[in-house]
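> We have chain A; now place chain B onto it with these hints.
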Amino acid sequence: MLEPMMYIGGAYKHSQLIELVEDLGGYILQKNIMQSEVVILMLIPINDLNIVEAKSKELLGKLTRAPLSGSEIATIAPTLAYHHLPHLDCDVAEFLRKQGAKTNMLGLARGVGKRICELSAYERDLINEHDIAVFILGNYKHCVIEKSRKLYEGIEIPIVVTGAPELKTEEVPNATAYVGSFGRILHHMRHAEELKTLDRLSEVIGKVLDDVRMELAKDPPSVAPPRIKKEIEEQIPEIVDNLHPLPITLQMNGVRVKLPYKEYHEQIENIKFVEGVTMKEVARILPSKMRDFILIKALPKSETGFVI
Amino acid sequence: MDLIETFIVETTDTEVGEKTTRMLIQDTIADLSLTRAIGRLKVYVDPELPLFIFVALLRLGAPSIKVKDFAKVEMGDIGKDEVKIILSQETNIGKLQSKLWAKYGKDNILQPDRKILVVKTDPLKDMDMLRDMVIEEPKQEVLDRLIDAIALRIIPEGFRVRKHELTNDYVIFVASENTLKPEWVAKGKEILEFLRREDNA
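Residue numbers (this note's numbering), protein chains in the order written: chain A, 6 to 313; chain B, 37 to 237.
Calculated from the structure, these hints are not laboratory results. Beta carbons: idealized from backbone N, C-alpha and C, even for Gly. Some hints here could point you the wrong way.
Covered by chain A, according to a simulated footprint, are these stretches of chain B (three or more residues, beta-carbon under 8 Å) [said to hold, decoys possible]:
#	stretch
1	50-57
2	60-71
3	79-87
4	201-213
With the rest of the complex left out, here is chain B:
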């Protein structure tokens, strides 16, 4: 857990609620292996209002993986409308294949060798597009897990009224059982500023 620089749980129920909420968040973050994705984190809970605010600064790191990162894209044999993709490693071949199948159909993808894929298409038109094709987006995947953690596991289920802001740098979740008040949403922003300020110091 030491990977998260700041981890604050602020609540009016300081006796037990604070400890258990902290444990609950730790468990969820560990379960979904989000320790690396969250830089700083503050949670504010007031069970009497009731109000639950979850604010985190994110560090999503890993950029998306494109075809050109792990393969050479070339013209096929002379006279044929083909694009040849020569892979340097096999790790991503499954994902690449399913992307290509979805786009061109299974009939138009050949695999003459373990590390070679041949796409039947006009090379002049599609070669550049294939080079830049995104195979995997770790960022998106992490964000999906993050939303799963916050919305589906951490915030109490009864807190059905929710407002959230999600960017590549931060996430704010304000949730309650009752209609959200503007000052609660503002408090979320305030906590974000607090986390950022601490960042600068």
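The following block holds chain A by itself, in its conformation from the complex:
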């Protein structure tokens, strides 16, 4: 099993750490160099964690668990109007991003009101392409509960709801988890208390993701998403010149490739692994609802009968 970890330290000699992780059979998910500091998100085999820890200590860096890394999260506001944006939505999205998740912000077309709110089929499908949906709702207990009854119809991924009242998860219908003390906030969240609330949100999402991981481990994907990423990077050179943020976005059981489906799906289907199988044997290559991107979902072991 691979552990999602984040390393923060000096840029000096950080390549040694990267090499170590690769030698151990781990994966580097993301590397950001900011002036003299480097932030690396990686997956490390759980048994070799202490070796990496020793190395990071030697380099005077900090190694922490980042349960959000390798996931794609949708932060969803009822609309894109000033009522919800920019502050609260962006704060949540940015905070989760800092913790290692890839967040996409979504504004619904008709998400307002507790009686008239609805999801369109397109929105529902788009949300279902993510690992977790975070719904950012408002101030009133009655409204949060009433709205939750209707709005999440057809969403199959875990739903995390935020709002102002302190409710128990059981009180909010259809929600996997609920985090209070948010609500409709029209200022930048920077006070100590507000930052604590954001911390609590990332903690809750981390737990939900861990549950998803546990569930996946029962019937593991035939190929690990970071492996798919690595093979695409090695076999499709065009991905290097791709200017989208995170051209290959990792998800819990697949990846999103930001290349046009029409032109590239065959090339991706025919990617060869050293084990002798091709991509189409271990994963489904689907057109994504997001622009004309490609969505790759790894097949579970129960379907293919093997794990590479």
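Leaving out everything else, chain B in the frame of chain A:
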């Protein structure tokens, strides 16, 4: 925030809703610098109906700025059809110029000196009109911001059915997701009376 004399949020959701709504209104008013424009303010929210009433007594103060407030309007040179505007300060020249351009066209406005504008027009006909020309209406501008604050930021988006009354002294906004009932509109008026009564006391 102390500039607003009365600031009441009344709601059935007293646990959290009251506090957050208050914070939301404070943020919006500060963002759009409306603290001076609002004298007294009361908001009534019932999320179950649902109903949102926003009533405020306004103090719009600042009168509109006219050309004669900051400039002398004179006849142009003898024998020419011109009006000369001599400005005492340059602050409003941009707005004045664009108003004049819109009215007479760029060709007919000359600026021989920094603080002098010459308009090619019949001075007997237009001089008085130019003197009283309104360059800026701070009142209107404040009202625009107020509507932006109330209608586009404070009242929840789902509350699409709205009735409002806006004058120079007060504003009433009644909003709901469902058809408005006459008693809700009456409640808005009642709150206005309440705010006024308190004013007299």
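> The stretch 201-213 of chain B covered by chain A? Criterion: 3 or more residues, Cβ-Cβ distance below 8 Å.
violated (count 1)
> Within the assertion that chain A covers the stretch 50-57 of chain B, do at least three residues meet a Cβ-to-Cβ distance smaller than 8 Å?
holds (count 5)
> Quick check: do three or more residues in the stretch 60-71 of chain B have a beta carbon closer than 8 Å to a beta carbon of chain A?
n = 4 at 8 Å, threshold three: holds.
> When I compare C-beta atoms, does the stretch 79-87 of chain B have three or more residues closer than 8 Å to chain A?
holds (count 4)
Hint violations for this structure: number 4 only, all remaining hints satisfied.
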